[in-house]
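**Student:** The chain contents come next:
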Amino acid sequence: MHEWALAEAVISTTLKIAEEKELKEVIELKIKIGELQQIDQEIFEFALSQLRSPMLKNAKFSLETVKAELKCRVCNHKWKFSTKNMDHDVSEFIHFVPEIAHTYLKCPKCGSPDFEILTGRGVWLDSIKGAK
Amino acid sequence: MHEWALAEAVISTTLKIAEEKELKEVIELKIKIGELQQIDQEIFEFALSQLRSPMLKNAKFSLETVKAELKCRVCNHKWKFSTKNMDHDVSEFIHFVPEIAHTYLKCPKCGSPDFEILTGRGVWLDSIKGAK
Amino acid sequence: MVDPRLNIINERLSKIGKIIAVSSGKGGVGKSMIASTLALALSRRGYKVGLLDLDFSCPSTHVILSIEGLFPKEEKGIIPPEAHGLRYMSIVYYARDEPSPLRGVDISNAIIELFAITQWGSLDFLVIDMPPGIGDATLDMIRFVNGINFLIVTTPSKVAFETVRKLIQLLKDLKVPIVGVVENMKMRDSPFIREQVERLAAPFLGGINFDYKLEDSMGDVKKLLETEFAQSVEEIVSKKL
Amino acid sequence: MVDPRLNIINERLSKIGKIIAVSSGKGGVGKSMIASTLALALSRRGYKVGLLDLDFSCPSTHVILSIEGLFPKEEKGIIPPEAHGLRYMSIVYYARDEPSPLRGVDISNAIIELFAITQWGSLDFLVIDMPPGIGDATLDMIRFVNGINFLIVTTPSKVAFETVRKLIQLLKDLKVPIVGVVENMKMRDSPFIREQVERLAAPFLGGINFDYKLEDSMGDVKKLLETEFAQSVEEIVSKKL
Ligand SMILES: Nc1ncnc2c1ncn2[C@@H]1O[C@H](COP(=O)(O)OP(=O)(O)O)[C@@H](O)[C@H]1O
Ligand SMILES: Nc1ncnc2c1ncn2[C@@H]1O[C@H](COP(=O)(O)OP(=O)(O)O)[C@@H](O)[C@H]1O
Ligand SMILES: [Mg+2]
Ligand SMILES: [Mg+2]
Ligand SMILES: [Mg+2]
Ligand SMILES: [Mg+2]
Ligand code: NI
Ligand code: NI
Ligand SMILES: [Zn+2]
Ligand SMILES: [Zn+2]
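Chains as they are written, first to last, in my numbering: chain G, 1 to 132; chain Y, 133 to 264; chain A, 265 to 505; chain B, 506 to 746.
In case anyone wonders, no lab produced these hints; they're calculated from the structure.
There could be a bad hint or two in this list.
Straight-line alpha carbon distances no greater than 25 Å define the calculated SDA-like cross-link-like pairs of lysine to any residue that follow [what the hints assert, rightly or not]:
{"no.": "1", "chain 1": "Y", "residue 1": "Lys241", "chain 2": "A", "residue 2": "Ile442"}
{"no.": "2", "chain 1": "B", "residue 1": "Lys680", "chain 2": "G", "residue 2": "Ile17"}
{"no.": "3", "chain 1": "A", "residue 1": "Lys337", "chain 2": "G", "residue 2": "Gly130"}
{"no.": "4", "chain 1": "G", "residue 1": "Lys106", "chain 2": "A", "residue 2": "Lys337"}
{"no.": "5", "chain 1": "Y", "residue 1": "Lys148", "chain 2": "B", "residue 2": "Asn515"}
{"no.": "6", "chain 1": "B", "residue 1": "Lys523", "chain 2": "B", "residue 2": "Glu603"}
{"no.": "7", "chain 1": "Y", "residue 1": "Lys153", "chain 2": "G", "residue 2": "Cys75"}
{"no.": "8", "chain 1": "A", "residue 1": "Lys340", "chain 2": "G", "residue 2": "Cys75"}
{"no.": "9", "chain 1": "Y", "residue 1": "Lys210", "chain 2": "G", "residue 2": "Ile17"}
{"no.": "10", "chain 1": "A", "residue 1": "Lys337", "chain 2": "G", "residue 2": "Gly34"}
{"no.": "11", "chain 1": "B", "residue 1": "Lys718", "chain 2": "A", "residue 2": "Val409"}
{"no.": "12", "chain 1": "Y", "residue 1": "Lys241", "chain 2": "A", "residue 2": "Lys337"}
{"no.": "13", "chain 1": "Y", "residue 1": "Lys238", "chain 2": "A", "residue 2": "Val409"}
Here are a few chain B residues that sit away from chain A, every Cβ distance over 12 Å (derived from the structure) [what the hints assert, rightly or not]:
{"no.": "14", "residue": "Met506"}
{"no.": "15", "residue": "Val507"}
{"no.": "16", "residue": "Lys520"}
{"no.": "17", "residue": "Leu575"}
{"no.": "18", "residue": "Lys581"}
{"no.": "19", "residue": "Asp602"}
{"no.": "20", "residue": "Gly609"}
{"no.": "21", "residue": "Ile653"}
{"no.": "22", "residue": "Lys671"}
{"no.": "23", "residue": "Leu676"}
{"no.": "24", "residue": "Glu720"}
{"no.": "25", "residue": "Glu740"}
Beta-carbon label-pair distances, calculated as ranges [claimed, not checked]:
{"no.": "26", "chain 1": "Y", "residue 1": "Thr215", "chain 2": "A", "residue 2": "Asp484", "range": "41 to 49 Å"}
{"no.": "27", "chain 1": "B", "residue 1": "Asn515", "chain 2": "Y", "residue 2": "Lys153", "range": "46 to 54 Å"}
{"no.": "28", "chain 1": "Y", "residue 1": "Glu248", "chain 2": "A", "residue 2": "Glu499", "range": "40 to 48 Å"}
{"no.": "29", "chain 1": "Y", "residue 1": "Lys199", "chain 2": "A", "residue 2": "Gln495", "range": "52 to 60 Å"}
{"no.": "30", "chain 1": "A", "residue 1": "Lys436", "chain 2": "B", "residue 2": "Asn651", "range": "40 to 48 Å"}
{"no.": "31", "chain 1": "Y", "residue 1": "Glu248", "chain 2": "G", "residue 2": "Lys30", "range": "31 to 39 Å"}
C-beta atoms are modelled at their ideal positions from N, C-alpha and C, and glycine is treated no differently.
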């Protein structure tokens, strides 16, 4: 349920942008969700709908999950994140703070924890469609 | 003349890539030079030509300067780097270690030294054209 | 693509009276001991206090306060558990006692995440134990946290003050408020630090003597609060906030 | 786009006998004092020695060695000037005494630049004074520098060792050689650190006592080399390299 805090961040940012762009209404919100953070999409969508302000009353929430790809800074190997065989606690820690991946994951080729998260980190506000 | 050290890095990297790609000869080397580092292009080209190995004997060196653009992390203001009105020593320090820019430059809008170097940093090997 | 977290940070901190980042250009000057003791002292005086350990590379406050077996509750965010009367937050909940080899960009990202999801609620004080230096964490506190105040720690040593001078200069340049400078681990009387601080037009709060018994109080809050060290923190910092 | 600097780093270091990174999870444990003193001690024994201050956020060795008025010559790269018989390199040549608010990504970039352009020539030893923690600088030394060795510094304190334990664990995991662990600023006899280090299967080099006269030698190389501290560095580190 910390998904709620992230949903709130998305809504609050949307309202700020809507105000800057002088929108009367938000029609669609495109949101990208990084796989690494393992957001519970149902809870997240529920939170978004609970947080609908008048400006967002008819807004469509389009969620897209982005696969997580990691790249080793030492040997340049790229690999996909997977929770298969992952300790449940560890996957929960990464759920809260994705960077904790560096504490528990290693490059499958050279064993280094010094990797880059190329894609699939965090929650992003991709675009807003609105009416003036 | 520390341009020589950077030219050597370019040549050494080219040879390594040429070997990996099993090239018989390098025909063209495209190099991008970030403006921030204020490379003396004449000296740099002289160094490159002095460092021609057999593999590079007919190689054309194409140099392109990339304008330096900075972006403030605090207020998002973007601006262009300029040595106009810059203390000569400071511009020399940035010549050696471009990151030293954070010690002497500030965002012209909000005064923060916490900015990103968007473009125009360092020397890059853009592409290599070769023959097998 | 917009990062929605940035926009919520100051809302999460909106019910906090005063935010104090305990900081220094230098490591090992006593930031973590002072941050922990200050938080406890304020709490003992009846204030609602949070303590946030932001030294991800080298978290220490959980060792000083002997905090184990706690984990934040998930509820519209994460709720810092109570420890010794403090709302306590640290990366060790998630990293446990494993090394966290984080680069600056990861530290910055993890800081933003924690600030975006942590529900501190109402507090009189939030004390932040900062990592040494003027890197990502310090720059992010300056960039993101409205109304942050820096409490700066130095030792009497010339090498320590040299780096503290740079931190003070940076904060002054950026008009970030400085609560004051504390001279920790004094072994003899010398006006050197006081004079240097006053020359930089920063408030000098006073000195804390080197306390030979301090190490024995590590992990024992009751003992810690009975040390001369704790008394000095109370006298020269806590009472002035 | 390829960064050509990465490929030249180990060529620049190819004529160096042994590279020693003086490191710790913790700040303020004496890394800079030990790195400076070790470099001087090795040089006095007739070795050709370089000293590189890699703590860009908080450079200290120039204060300890009182180095002023020097600047690297430009000649097919940059040539570290000689100071007290050492080839000495530090960010202070370029930052002077201004604050350098560098994020991790900048530190990493500046490190790569310096390694790519510095012409050390032939050296028996290159001593590197590392910043605290396991951030960008430490990860870059592990990633880029073939044959690097870590000399690890701790104090007797539990908080210091807790972070040193993590550094040792990381280096062991990555099979990076550890010269040994030094226990600095000892105030009393205790086998705690030795036992902990041995439990981690890392070499324990010995203890250096807290030296009350050390601060007075700051900036005076002759005095520094006459301290008990310097004698201990010579005995337990320099002689074993
Ligand atoms: N006034 C003091 N007297 C004696 N020891 C102290 C004092 N202040 C701090 N210390 C000790 O110094 C070491 C570094 O303190 P710490 O708070 O971890 O520093 P930092 O957080 O700045 O790295 C610890 O071992 C601590 O117990
Ligand atoms: N053995 C020792 N006895 C007394 N003081 C010491 C000793 N070792 C280091 N110091 C002091 O401790 C402080 C921190 O040392 P420094 O080398 O700057 O640590 P670091 O580089 O790990 O941050 C300095 O003031 C230094 O003079
Ligand atoms: Mg690890
Ligand atoms: Mg500055
Ligand atoms: Mg600390
Ligand atoms: Mg140091
Ligand atoms: Ni959750
Ligand atoms: Ni040059
Ligand atoms: Zn790898
Ligand atoms: Zn700005």
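**Student:** Next, verify each hint and record whether it holds.
**Tutor:** A quick look at each hint next to the structure:
1. Y:Lys241 / A:Ile442: holds, 23 Å
2. B:Lys680 / G:Ile17: Between B:Lys680 and G:Ile17 the Cα gap is close to 50 Å, so the pair fails against 25 Å, i.e. violated.
3. A:Lys337 / G:Gly130: With a Cα-Cα distance of about 36 Å, the restraint between A:Lys337 and G:Gly130 is violated, given a limit of 25 Å.
4. G:Lys106 / A:Lys337: Violated, because 28 Å separates the two Cα atoms, which is more than 25 Å.
5. Y:Lys148 / B:Asn515: At roughly 14 Å apart (the allowed maximum being 25 Å), B:Asn515 and Y:Lys148 satisfy the hint.
6. B:Lys523 / B:Glu603: violated, 32 Å
7. Y:Lys153 / G:Cys75: holds, 18 Å
8. A:Lys340 / G:Cys75: Outside the cut-off at roughly 40 Å; violated.
9. Y:Lys210 / G:Ile17: holds, 20 Å
10. A:Lys337 / G:Gly34: holds, 23 Å
11. B:Lys718 / A:Val409: The hint is violated at about 42 Å.
12. Y:Lys241 / A:Lys337: Status violated; Cα separation ~42 Å.
13. Y:Lys238 / A:Val409: At roughly 20 Å apart (the allowed maximum being 25 Å), A:Val409 and Y:Lys238 satisfy the hint.
14. Met506: Correct as stated: the minimum Cβ-Cβ distance to chain A is 19 Å, above 12 Å.
15. Val507: The claim stands: B:Val507 keeps its Cβ more than 12 Å from every Cβ of chain A (closest is about 21 Å).
16. Lys520: holds, 30 Å
17. Leu575: Since the minimum Cβ distance to chain A is about 17 Å, B:Leu575 lies beyond 12 Å and the statement holds.
18. Lys581: Per Cβ check, B:Lys581 is outside 12 Å of chain A; nearest 31 Å; holds.
19. Asp602: violated, 8 Å
20. Gly609: Non-interface label on B:Gly609 violated, nearest chain A Cβ at 2 Å vs cutoff 12 Å.
21. Ile653: holds, 15 Å
22. Lys671: Non-interface label on B:Lys671 violated, nearest chain A Cβ at 4 Å vs cutoff 12 Å.
23. Leu676: violated, 9 Å
24. Glu720: violated, 6 Å
25. Glu740: Nearest chain A Cβ is 23 Å from B:Glu740, so the label holds.
26. Y:Thr215 / A:Asp484: 41 to 49 Å: For Y:Thr215 and A:Asp484 the Cβ distance comes to about 58 Å; the hint is violated.
27. B:Asn515 / Y:Lys153: 46 to 54 Å: violated, 22 Å
28. Y:Glu248 / A:Glu499: 40 to 48 Å: holds, 43 Å
29. Y:Lys199 / A:Gln495: 52 to 60 Å: holds, 59 Å
30. A:Lys436 / B:Asn651: 40 to 48 Å: With a Cβ separation near 43 Å, A:Lys436 and B:Asn651 satisfy 40 to 48 Å, so the hint holds.
31. Y:Glu248 / G:Lys30: 31 to 39 Å: At roughly 25 Å between Cβ atoms, G:Lys30 and Y:Glu248 fall outside 31 to 39 Å, so the hint is violated.
Of the hints listed earlier, those the structure fails to meet are numbers 2, 3, 4, 6, 8, 11, 12, 19, 20, 22, 23, 24, 26, 27, 31, in rising order.
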